[in-house]
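Here the sequence shown stands for residues -47 to -1, 1 to 334, numbered as in mature numbering (1 follows the signal peptide of the UniProt record, and there is no 0).
Rather than coming from a laboratory, the hints here were simulated on the basis of the structure. Be aware that one or more of the hints could be misleading.
Distance ranges between label pairs, derived from CB positions [to be verified]:
hint, residue 1, residue 2, range
1, GLN149, GLY91, 21 to 29 Å
2, ASN58, LEU92, 17 to 25 Å
3, GLU55, SER282, 26 to 34 Å
4, ASP168, THR300, 29 to 37 Å
5, GLY152, GLN292, 19 to 27 Å
6, PRO319, PRO33, 24 to 32 Å
Result set (EDC-like, lysine to aspartate or glutamate): computed pairs, CA atoms no more than 16 Å apart in a straight line [what the hints assert, rightly or not]:
hint, residue 1, residue 2
7, LYS37, GLU251
8, LYS205, GLU106
9, LYS146, GLU125
10, LYS146, GLU106
11, LYS205, ASP122
12, LYS205, GLU112
13, LYS37, GLU259
14, LYS205, GLU125
15, LYS253, GLU265
16, LYS146, GLU156
17, LYS37, GLU55
Since the structure is predicted, the reported quantities are computational estimates derived from the model, not experimental observations. Note that the Cβ used here is the ideal one computed from N, Cα and C, for glycine as well.
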Amino acid sequence: MPAHPLVRSSAPPGRQSGRSSRRRSATAVALGLVALLATGACGAAQASGGTDPADGAALAADADLPTEVPEGTVLRIGDPTTQKAFELAGDDLDSDFSFEVEWANISGGPATTEAFRAGSLDVGAVAEIPPIHATWTGLDVQIYASIYRENWEDAPIYEFAGAPGVELDSLEDFRGHRIAFSPGQAQGAIVLKALQEAGLTQEDVELVELPSTGDVYSTALAAGEVDIAPLGGTQLYRYLGTYEADGATSVKHHLRDDASHLYGPTEVVEDPAKAAALREYVAAWAAAKVWIDEHPEEWKQGYYVEDQGLSEEDAQYLIDHAPVPDIPSDLTEGIERTQATIDLLATELDQEPFDAADLFDERFGPVAGEAATAARDGGSQ
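Build out the structure end to end from the sequences listed, making use of the hints.
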C-alpha cells in the first residue's frame, strides 16, 4: 500500500554515436520467413491438433498457432511507427499481407487500452506498463511480442532530470524532493524502481501525479512544480539545452526501462483467423525493427524529420542515441523482469500481484525471434 499520498497538480531514445558502420539491407529475402509462416505449412495446425481457422472454434491457449489466414480476415492495428517503416522500406520489407490491415493512428498506453475497451482495436504497440495496468483495470489481455534494447544501460529510454538548482548526482539524492509521477505508465514505474534501487520509500519523497503526455513533465520542472522527473528523447535533450545553464542536470538510473510490447485482448488470439494473421504480422514487425536499426539515415529523414516534424538537430540526437533491438525467441528473462515489475507495482500501488507468465503468449516468441534473425542474415547477403 502506498506510504505517501499522491499530490495531484493542475499543471520517447538509444545507441551512442559509435554506431556500427554496417548498414545491411533487410531485403525481402529476409522476409522469406514471413511467407513460410503464412503458406509453408498450411496443414500443420490440423496435423498437430490445432484449430482450423475456417471452422469457427476458439483456438486453445496450448494449440499451435495457425499458419493459414482465411480470406476476409481483418486485423486492426495501432502501431504507427511500424506502419511508417513499411512505407519507407518499400521492397526491402514485405508488407503485402495475406489479410486486410486496418491501420489505426493510435499509440501510447491510455489510448490503446481505451481502444481495446471499445472493441475497436486488435493489437497495439506499447511500453512495459500498459498490459499490467490493463489487467488491473479488468481487461483480459495478452502480450504477443516483445522487444528490448541490447544497449539498455548506455541508451535508456528515460533519465531523471532535475529542476534548475536541484543537486542531482545519484538516485539517493531523490530524498525529500517532489517527483513527477504517472502510476499507470512507464514513467511511473521507473520512478518506483529508482526509489527501490536507492533504498528509499514513498515516505522519503513527494510523488506529484501528472500526466506524462507532451511536454508536461519538462514544463513542470521549469516552472518549479516538481524537482525531479523522468524525461527521454527530445524532451530531455531540449530541456537540458534550455535550462542546463541555470543549473538543470540529469542522472542515469542504470535500470531496465527498455521493454516494449505488441499486445491486445485475449479474445483476439482465441480467434484462429486473427491468430494466424497475428503470426504473420509479428514476423513482419520484427523484420521492420531490424530495418529501422540498419537504415538510420532513411529513418531520420523519413520518420523523424518528414513525418514527425523534428528539426535535423533533434532527429540526429535520436539517431545518435538509438536502441539496438533485441527480439528474443525465448521470453523467459523478459517474463522474469516483468514479474519483478508487477510485484513492485502491486506493493507500491496497492494492487493484487499476478503471474507475469499469464500475460505472455509465448507461442509468438519464436515467430518474432526467428524473423529478426532472418532479417539480419538476409540483409547481409
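Violations among the numbered hints: none
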